[in-house]
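Peer 1: Here is how the chains run, residue by residue.
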Amino acid sequence: MASDRIFGLVMAIVALAYIASATQIQTSFLSDPVGPKTFPIIVGVVCAISAIFMVLKPDPEPDWPTLRTFGAIIIAVLVLIAYAYALKPLGFLLPTTVAAGVLSFQISPKTKTAILSGLGLSIGLFLIFKYALDLGLVPFPKSWMG
Amino acid sequence: MEVFTNLAMGFAVALTPYTLMLAVVGCFIGTIIGALPGLGPSNGVAILIPITFSMGLDATSSLVLMTAVYYGAMYGGRISSILLNIPGDEPALMTTLDGYPMAKAGRAGDALVLSGFASFYGAMFATLGLMFLAPMLARVAYVFGPAEYFALYLLAFTTLGGMASNNQAKSALAACLGIGIAMIGVDNSSGLPRLTGGNLHLYDGVDFLVAIVGLFAVAEVFFFIESHGKNSSMGVKLDKVRIPWKDIYDTRWTMFRSSIVGFIAGILPGAGASLGSFMSYMSEKSIAGKDGGFGTGVPKGVAAPEAGNNAAAGGALIPMLTLGVPGSGTTAVLLALLMTLNITPGPTLFTERPELVWGLIASLLIANIVLLLMNVPMVKIFVKILMVPPWILLPGVTMISFVGIYSLSGSYFDLLLMIAFGALGYVLRKLDIPTVPVILGILLGGHMEDALRRAMVISDGDFMYLLSSPITIGLWIAAIAGFIAPMFLRKFLKKPQRVTD
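Which chain is which? The protein sequence lines are H and G, in order.
Numbering follows our numbering, with no gaps: position 36 of the first sequence is 1339.
Numbering follows our numbering, with no gaps: position 389 of the second sequence is 395.
Here chain H stands alone, though its shape is the one from the complex (with noise of 0.2 Å):
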C-alpha cells in the first residue's frame, strides 16, 4: 500500500516537472503545426495521470527485503559505480576482481570462494575479450605499462 503510495507521489511529482521543463523547449522558427514541445507535454499529463491512480488505489504491499540485505544491494550499487569511474584509469584486471569479488560475496556471503570468483572472472573474461572476441580491453593502469 504504501510503497505504491509513495511511488506514485513521486512519479507524479516527476511527471510534473518533466512538464514544466518541457514548456521550456525551445523552439525554432521554422517549426512544424506540432513542435517539439506538445508530445512530451501529453506523455508527461498521461504519465501524472497513472502516477495518481497509484496513489489512489495502490496494490497490496510487496514484500521488502530485510534493512541487512537492502543494505547488500547499496554497497552493491556504490561497488558498482565506483566499478564505472575506475574502469578507464585502473584498467581492467584490478577493478573486475574487486567488484566480481564484492558482488559474489553478497550473493553468497563466503570469503574464499568470492576471491576465487573475483579473480577468476577477471582473468577468464580478460582472456575470453581480448583474444576470442578481440575487444580493445586494457589490463593494467596505462602508467604501469610504461
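Since the hints were derived computationally from the structure, they do not count as laboratory data.
We treat Cβ as the ideally placed atom computed from N, Cα and C, and that holds for glycine.
Everything hinted at is true.
Within a straight-line C-alpha distance of at most 25 Å, the following computed DSS-like cross-link-like pairs (lysine-lysine) qualify:
1. Lys296(G) / Lys110(G)
2. Lys1360(H) / Lys436(G)
3. Lys1445(H) / Lys1433(H)
4. Lys110(G) / Lys252(G)
5. Lys296(G) / Lys252(G)
6. Lys110(G) / Lys246(G)
7. Lys1433(H) / Lys1391(H)
8. Lys1413(H) / Lys390(G)
9. Lys1415(H) / Lys390(G)
From the structure, some residues in chain G lie toward chain H, with a derived Cβ separation under 10 Å:
10. Asp193
11. Val224
12. Met405
13. Asp420
14. Gly428
15. Ala429
16. Val433
17. Asp438
18. Glu455
Let chain H serve as the given structure and place chain G on it in line with the hints.
Peer 2: Positioned in the frame of chain H, the structure of chain G alone reads:
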C-alpha cells in the same frame, strides 16, 4: 511460388560456412542462456548485443547469431524448469507445473526429450508461419502512413500494458516513463536539445542499449543478492536419456493445438512467449478436463507450454520484422539490435533487404534442426552447465554487461546510467510495474512522436486526421479495447506470477 525462390536465396545465404557456424554457436549459447536461472532470452540477448556490435559483424551475421540465441534460449528455459523446478526464463514457468513432477517420478529424461521435441514442433510451426505470413503482412503494411503508425504504436503500448501486467495504471506509467526518456536529447526536426537539464552527456539521448542492459541484466543481480542465491537448490538427478516415442505420438494433437495458440499469442502485439505458453497450457488443461491430471506430471502438460512458448517466440518476430513493433520483451531487444545495425524494420525491409530477411528465415529453420539435435542427445552437457553457482554467474553477467556497454561508448557516464537503470529496474519489479513497456517506450517513443508530427504536417494540424482511415479507426478501437478489456477479464484469467516477458 515466390516463397520458394526467396527461400532458396535465403538458404544460399544461410548455408555459407560462416553463417552456419554463427547459427550453431548462437544455438549453443542460447540454450545455455535459457537454461541458467537468472539469465533469460531478454537479458541474455541484451548483454550480447553490445559485444556483437563491437566485434564488427555485418547485419545479416549479427541478426542470424542473435535470433539463434533467441530461439536457443526458448529451448533452454525448459531444462531448469524440469530438473530444478526453477524456470530458466519466464516463458518456461508453465513447464515447471508438469515437468518437475514428471522428473520427480523418475522420468526426467523423458520430460526433457519430449519438451525438446515440443519446442522443435512449436518453433518449426511458427517459422513456417513466419515464412508465409510475414510477406503478406508486409504488403498490408505498405499502406500504412504516419497516422496508421501512430495508432499502431499506441496499440502496442496499450495491449502490452493490458496483457503483460496486473495493473493498467502501472503499465501506462511504465510506458510513459520509457517514452519520456526517449524524448531526451536533440530534437530530430528542430535540431535543438530538449529535456537534457543542461547535461552535455544527454545531448545524444539515452542509448536504449544502456537502458535495456541496466533494466534486464543489472537489475537481476540485485534480485539474486536479495535471495542470496537461495534459488539454486539441487534438483532431480538425470539418468538415462532415451526417446519416449509413445509420449511424442500421444501428444501430437496437443502440440498442434498449442502451436496454433502460441503462434497467435506471439503475433499479437504485447503478448509474447510467456502468454503463449500460459494460454496453450490453460487451453490444453481445459480440453483434458479434470481427468487429464494436469499438474501431476503428465506428458501433455509438458508438451503444451513448450510448443506454445516456442511458437509464440517465432510468431513474435512477425510484427517486429514487418511493422517494427515488437510483440514481447525479447523481440523489443531484437528490435534494438536492428536499430543499432541501422536497419529500419518494416515493409520496406522485405523489398530492400530480401537477402537479410530470407537469410534470417532460412537460418531459423536450420537453427531449429540444430537445436533439436543439441537438445535431445546432448542435453546432459547443458545439465552440467546448469550447475554453475549464482555467485559466479551473476558477477560474470554484470562484468560482461559493463564491458559490453563500455566498449560501445567508452564513457563512464553510460555505465553510471546503466547502474541507475538497474536500480530502477529493481524498484519497478518490486512494485510489480512491468519493465518491458519502459524498454518499448525508449525504443519507439521517438518514432511515435515522429509519426504524430508527420501526420500533423500532412493534415496541417488537424487532429482528426489521426482517425481518417478505416485502418486507423480499427487500430484505435483495438488499442482502447486492449487496454480496457483485461480489467474485466482479470477475474476469469488468473495469471501465474512473474509473467513479464
